[in-house]
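Undergrad: Each chain is listed here by its residues.
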Amino acid sequence: MTPDVRAEIQDLYDAYAEALDDGELERWPELFTEKCRYEAMPRENFERGLPLAVILCESRGMLEDRVAALRKTSMYAPRYVRHLTSHIRVTPEGDDFRVRANYAVLQTRVDALTEILSAGRYLDLVVRDAGRLRFREKRVIFDSVLVPNSLVYPL
Amino acid sequence: MPYWVYTDPEIYRRELERVFAGAGWAFVGLEAECPEPGDWKRTQIGERPVFVLRGDDGRLRVFENRCAHRGVQLCRETFGRARELVCPYHQWTYDLRGRLVGVPFRRGLRGKGGMPPDFALEANGLTELCTHVRHGVVFASFAAAPPAFEDWLGAAMLHYFDRVFDGRALRVLGYSRQLIPCNWKLMFENIKDPYHASLLHVFLVSFGLFRADNPSRTLMDETGRHSCLISMRGDPASAADTAEMRSFKGDFTLRDPTLLEPVREFPGEATVVMQTLWPNLIVQQQSNTLATRQLVPRGPGAFELVWTFFGYETDDAAMTRRRLLQANLMGPAGFVSLDDSEVMQLSQQGISPFPDAQGRLEMGGRGTADEDHIVTEAAIRAFYAYYRQVMEL
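In the order they appear, the protein sequences are chains A and B. According to the working numbering, the first sequence is numbered sequentially starting from 1. According to the working numbering, the second sequence is numbered sequentially starting from 156.
Next comes chain A alone, as it looks inside the complex (with noise of 0.2 Å):
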């Protein structure tokens, strides 16, 4: 694997981030190929084999559901969210790139303290399409079993 593929996927990660951080979600749909799995979990159900997911997307046309109904239809208090992704570690599989890495998701809430909303690991696998690199998979595992109140934007 040369280093530019690795500065690649790093530069994948950043914009992830970047796009829910800087509250541009209509941009997180389009770092997925068009058929994809988007899917958050937390740990107890990952580590026994249970199936169930908070958040379960199985193609781009549900990641932009879930986006045009935190636009249009859900209601929440307002927040800001800054994901930090680290000890990214890089497989590849034939053309494709099975990536595994950490994750912690701060979170402010308008008048609050910042606090971590979730931390985990991303089991991912990455894909050349159309030119550029995108998720074909995304699994996030979340640790904590319990979610501070709301889960309110993708991790």
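Any given hint could turn out to be false.
Claimed, not checked - Interface residues of chain B toward chain A, partial, derived using beta-carbon atoms under 8 Å: (1) Val327; (2) Gln333; (3) Leu355; (4) Phe358; (5) Ser361; (6) Phe407; (7) Arg410; (8) Leu479; (9) Gly486; (10) Leu493; (11) Asp494; (12) Leu501.
Said to hold, decoys possible - Okay, the calculated bits of chain A under chain B, using three or more residues with CB under 8 Å as the criterion: (13) 33-46; (14) 62-71; (15) 74-85; (16) 143-152.
Everything labelled a hint here was simulated from the structure, so no lab data went into it. For glycine and all other residues, C-beta sits at the position ideal for the given N, C-alpha and C.
Following the hints, position chain B against chain A.
TA: Below, chain B without anything else, positioned relative to chain A:
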């Protein structure tokens, strides 16, 4: 409704005694969570830690989660499997029916020490609760002689309980847990309040999953402690009925509609039945997403909401996928439930600084009878009528 009922530590302490550890049956889990002898599940009733254990005789029992010796919690993971339960402190050992079978150095060491000669193993087993299993759902009671479970629910509530728990073996699909910063009663009120659903939940409304103009009913048991909110999916909304729903988005469509392709699976017309069972359970059936939601209070200002999503052993792959996709409506990130957890937090934030202020619960009048529409808070009033008896308030 005085606001101190959501904030007062003394009221909360009394609730733990009388509501959660009181006369009735509290939800502790599903039989499918402990399928084999030796399987255990840790949970809580109120703030009291308990665990469900399947014995070597196949029977499910519920015990207080504490060693008879020094109170150390025996089960320290959420789930596990054991051949015997050994306390880590002094290795007191219990069998799979909760009987104390081993006490190290019970006879002392080289003639010195040990337990008194009148110490009896059989008098020092784990403290067992009364347990009742109905169609795969496990309930327990701290009462010495709780009422018959069927009487506790009453015929009307039992009918709707058996609608989802019809005796088919259940398959657990997974868990979701939220720490919600509001008083536990606000959660029950939320589910007993069909009025909000057509106004707050734009997602539900936009897809006809719950709307003011859908045929609906609110049912209670004779005491008012339990209730059911029942609704039927309607035709696309007419302008007249949605005029007062400012949030209604008639033009909102899904890019990928496979998220929401419900199929009818229960007899009758209802497409949504949300049942609240005193003191700690909500049974959710919204289209094909099924879950128990267990309430575990954490002081007057917070509670843990434990969602156990399930289907049936007989579900095919398509049905399981449907349930998992529709689960996007629920939980901490749910298209619907997100609104609730957020609004309940706002409610508690508004209530807490004003314990002497009062809220109003007069939608649909002041009565506590069943209703066949959604513009009512009757089930909340009925809940509090029973609550006041229990709490002697």
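Undergrad: For every hint, state whether the structure bears it out.
TA: Hints, verified against the model:
1. Val327: 7 Å, holds
2. Gln333: At about 5 Å, which falls below the 8 Å cut-off, the nearest Cβ of chain A leaves the hint on glutamine 333/B intact, so it holds.
3. Leu355: Holds: closest Cβ of chain A sits about 6 Å from leucine 355/B, inside 8 Å.
4. Phe358: This interface hint holds because 4 Å falls under the 8 Å limit.
5. Ser361: Since chain A brings a Cβ to about 6 Å from serine 361/B, closer than 8 Å, the hint holds.
6. Phe407: Check passed: Cβ of phenylalanine 407/B comes within 6 Å of chain A, closer than 8 Å.
7. Arg410: With a minimum Cβ separation of about 4 Å from chain A (threshold 8 Å), the hint on arginine 410/B holds.
8. Leu479: 6 Å, holds
9. Gly486: 5 Å, holds
10. Leu493: 5 Å, holds
11. Asp494: 5 Å, holds
12. Leu501: 7 Å, holds
13. 33-46: holds (count 5)
14. 62-71: Holds: 6 residues of the stretch 62-71 of chain A have a Cβ under 8 Å from chain B.
15. 74-85: holds (count 4)
16. 143-152: Our answer is that it holds, as 8 residues pass the Cβ test (under 8 Å) against chain B, meeting three.
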